[in-house]
Amino acid sequence: MILEILLVMVMLVAAISAGIFKNLLNAVIAAGFVSFIAAILFFLLHAPDVAMAEASIGAALTVAIFIIALKKTKRYEDDEENN
Amino acid sequence: MRKIISIILLAILTIGVVYCLKEIPFGETQSQVRRYYINNGIKHTGATNIVTSVVVNYRGFDTLGEVTVLFLAAIGLSAVLYREGKRQKKEGRRSSLILYTGCRFLFPLILLFGTYIFIHGHLTPGGGFQGGAIIASGFLLTMLGCWKWGGVNKIGFKITESIAGLIFVVVGLLGLLYGGYFLFNYLPKGVPNELFSAGIIPIIYVAIGFKVGSELSGVLDNLIEES
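Residue numbers (this note's numbering), protein chains in the order written: chain A, 1470 to 1552; chain B, 8 to 234.
Any given hint might turn out to be false.
Unchecked claim - Think about it this way: if two alpha-carbon atoms lie no more than 25 Å apart in a straight line, the pair counts; the simulated SDA-like pairs of lysine to any residue are: (1) B:196 with B:186; (2) B:50 with A:1517; (3) B:165 with A:1529; (4) A:1543 with B:84; (5) A:1540 with B:228; (6) B:165 with B:71; (7) A:1541 with B:150; (8) B:161 with B:107; (9) A:1540 with B:85; (10) B:50 with B:203; (11) A:1491 with A:1536.
What the hints contain is simulated information worked out from the structure, not anything from laboratory work.
Build the full structure now, drawing on both the sequences and the hints.
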């Protein structure tokens, strides 16, 4: 129970920071972290099938696709900042 | 002004969502069908993994729809990224020896693990979608880490994908022929907990595994080639 509360807290921090980060690479990594913790939570809640799908798609493939998209576009959110 | 409007809209949306969530009884047995699946799943389908028996047997037609959605997404992506003529091959930076060797060492193991997951989909957690995604992540590793990798064989991927989708549909239609409805489990169920059991479920899950793996790898290959 304590572990789950801790994981949910870390997940919330990661999710909020994914929205706040100006450096989009950091934001993508934070979003990947969210789905990684979601996979752990699914496993703790006795849903290993969903955990496997979440870990491989949410934490690996989605992050990779976002990073490939970032490579083609800008890395920072604001135009004023160095990009 | 715009902020006030958006805050009001958000408040209305929040009230709606909270109202909906209040109605849902969490953790209570509402549906009879869940109990039915758990009690009769192994007897009806022969698959010891109840999730698989639901995904492939009881709700097999929905799975066909899901696979079709993924197929259409991959087709759409390759249509958007299609470019006339061959683009010149960029000489990428060489990865270090450690990374290269590590990738070459890990790639077959990841492939083996993904294959294991979708072959044992009816016995242990996992299945075609999960195994296919793991196989695609193995291909992603080689695309990122192996500088000698000359791109995947696109035609091979397309053929694998098509044949796997065709196997799914043909197995389902044979069920229509033998049992009277789509995806009827016409093969012998066998002894539960053995690899060759559960009738058509392993065949369909192997087909889905190949299909999802080749589709996701094709998507990643398209994107990486474009970048």
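| query | Looking back at the hints listed earlier, which ones does the structure fail to meet? | reply | none
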